[in-house]
Amino acid sequence: MYRKLSRFKVFAAMLVALSLLLAACGSAPTAQTATTVPANPDVILATTTSTMDSGLLDVLIPAFEKKSGYKVKPISVGTGQALAMGEKGEADVLLVHAPDAELKVVEKGAAINRRLVMHNDFIFVGPPSDPAGIKSVKTSIDAMKKIAEMKQIFISRGDDSGTDKMEKSFWKKANIQPTGTWYQETGAGMGQTLNVASEKKGYTLTDRATFLAQKKNNDLDIVLEKEPALLNIYHVMEVNPEKFPKVNKDGAKAFADFIVSPEGQAIIKDFGVSKYGQSLFVPDAGKNESELGK
Amino acid sequence: MLLQAEVEGSEFVELILSGIGQALHLLFQGDPEVWAVTWLTLKVSGIATIISVLMGVPMGILLALSRFPGKSLLVSLVNTGMGLPPVVVGLFVTILLWRSGPLGIFGLLYTPAAMILAQAVIASPIITALTFAAIEQLDPNLRYQLLSLGATRLQTVWRLVLEARLSILAAVIAGFGGVISEVGASMMVGGNVKGQTRVLTTATVMEVSKGNFDVAIALSIILLTLAYGVTLILTLVQQGRQRG
Chain A
1 MYRKLSRFKV
11 FAAMLVALSL
21 LLAACGSAPT
31 AQTATTVPAN
41 PDVILATTTS
51 TMDSGLLDVL
61 IPAFEKKSGY
71 KVKPISVGTG
81 QALAMGEKGE
91 ADVLLVHAPD
101 AELKVVEKGA
111 AINRRLVMHN
121 DFIFVGPPSD
131 PAGIKSVKTS
141 IDAMKKIAEM
151 KQIFISRGDD
161 SGTDKMEKSF
171 WKKANIQPTG
181 TWYQETGAGM
191 GQTLNVASEK
201 KGYTLTDRAT
211 FLAQKKNNDL
221 DIVLEKEPAL
231 LNIYHVMEVN
241 PEKFPKVNKD
251 GAKAFADFIV
261 SPEGQAIIKD
271 FGVSKYGQSL
281 FVPDAGKNES
291 ELGK
Chain F
1 MLLQAEVEGS
11 EFVELILSGI
21 GQALHLLFQG
31 DPEVWAVTWL
41 TLKVSGIATI
51 ISVLMGVPMG
61 ILLALSRFPG
71 KSLLVSLVNT
81 GMGLPPVVVG
91 LFVTILLWRS
101 GPLGIFGLLY
111 TPAAMILAQA
121 VIASPIITAL
131 TFAAIEQLDP
141 NLRYQLLSLG
151 ATRLQTVWRL
161 VLEARLSILA
171 AVIAGFGGVI
181 SEVGASMMVG
191 GNVKGQTRVL
201 TTATVMEVSK
211 GNFDVAIALS
221 IILLTLAYGV
231 TLILTLVQQG
241 RQRG
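Chains as they are written, first to last, in my numbering: chain A, 1 to 294; chain F, 1 to 244.
The following block holds chain A by itself, in its conformation from the complex (with noise of 0.2 Å):
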């Protein structure tokens, strides 16, 4: 019996040391890099999953933070969350892609600042062997008609990102409700969804720095490209303060001036370059918008 409660106290006693280290390890104070630390140093960044899983995110974020000494978390989500956050004053500043739900937000007051930042473009991609025969359409919209009409699948993010508002927007324009066993949603990030479009032989709406990031891993095809109404441009934007008082507006003002300023744009510029031999984005700060892909 004595031997079975000394086995029980050393466990107990293992739990409280451990917890106690912990707690420990916890509280130790992190290394500051930066000369000056900002009073509210925590900047929530609501963004997109492509700039998240293309890797521009890993090169942008500790630049700022390195300058600033702003400490960056950003969270990587669809387009349709992080303008949601940002309606409730739940992130500091946005990096999104989708113009047209971007500039309801500025409306109602919710985001300020909107600032052009940068672009790359949508493409089409699909099986190698290409069944629906986009390769020789011009449009998104045709290409849009073609797969419908011969019910090739279609993967769709579904997820109400900004890649997902752009495809519903074509199939809006070509009139066609995408229904039944051929239009297929993933409801995930655009990594998972070329996995996905790979794997079932299917076609796809995709930015092309997620696409060529993860080429590698893919058996798809660009089947269309470098048309107009296939840009994909992502504004930086600052939440409002007056109205959500919590939000961190030097922070989130810092970051947006960071990402315009022509250091970020640098950044930006040379992203990819190294590993791919071409640019993922294409800096686009003080541009106006209409001039984009001309």
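Derived by calculation from the structure, the hints in this document are not laboratory data. Glycine included, C-beta positions come from ideal geometry on N, C-alpha and C. Some hints here could point you the wrong way.
According to the in silico footprint, chain F covers these stretches of chain A (three or more CB under 8 Å from chain F) [stated by the list, open to error]:
#, region
1, 48-60
2, 64-78
3, 81-93
4, 183-193
5, 204-217
Dock chain F against the given chain A, drawing on the hints supplied.
Below, chain F alone, put in the same frame as chain A:
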């Protein structure tokens, strides 16, 4: 067709092998990011389990030893809690921690503390329910015997806990296993922020969506090893009596 299956099979093996190789490489080359993610995983799930033990074990005992109307209703609720979906917990904890939410002033969302909170909510019912079952299945006469021998209430409870310790440790193992493997709540309340709230499960999801399957497999192997290591220690404690 057969040939194709063979080719695909070898690709599968290759991917797994490269994942294992990568896991060893990441760990033993001392990749600081992977170590940080692994350590955070252990820290978050460890603290959450400890909190759940501190809450769940007393609650389970109390539930087992008390008699009151509606008890089976409460027990069935706790039992249902064992299957509480992590995403549901994540959603409610997120809403609770929003800046506009009731606990918003603490600014806990997207911090390890938020993940600990969510995981403690997930593990507590598991530990409560299994502790309840452990005490409940003891011979009821034991309790009366102890009381008649003049043991105080506290002494009685302690003795019962000792009698049921194998099952209670199984409850702890189940609780820990439940939280170290969950991804839905951690993703939602933690946000998978690099260097802050990225744990092995959320990192794995991210690497899959980035298409880095080899890294994802490596992270999975590290996770499995970690879960096995902790469970092994708990099991050794549990089985200690037989060795001694």
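Whether chain F covers the region 64-78 of chain A (at least 3 residues having a Cβ closer than 8 Å to its Cβ atoms): Check passed, 5 qualifying residues.
Given coverage of the region 81-93 of chain A by chain F, checked by CB-CB distance under 8 Å (3 or more): Satisfied; 3 residues make the cut.
Claimed coverage, the region 48-60 of chain A by chain F - three or more beta carbons nearer than 8 Å: Contact hint for the region 48-60 of chain A vs chain F: holds, 5 residues under 8 Å.
Coverage of the region 183-193 of chain A by chain F (three or more Cβ within 8 Å): Holds, because 5 residues of the region 183-193 of chain A bring their Cβ atoms closer than 8 Å to Cβ atoms of chain F.
Assertion that chain F covers the region 204-217 of chain A - criterion: three or more residues, beta-carbon distance below 8 Å: holds (count 4)
Comparing the model with each earlier hint shows no violations; every hint is respected.
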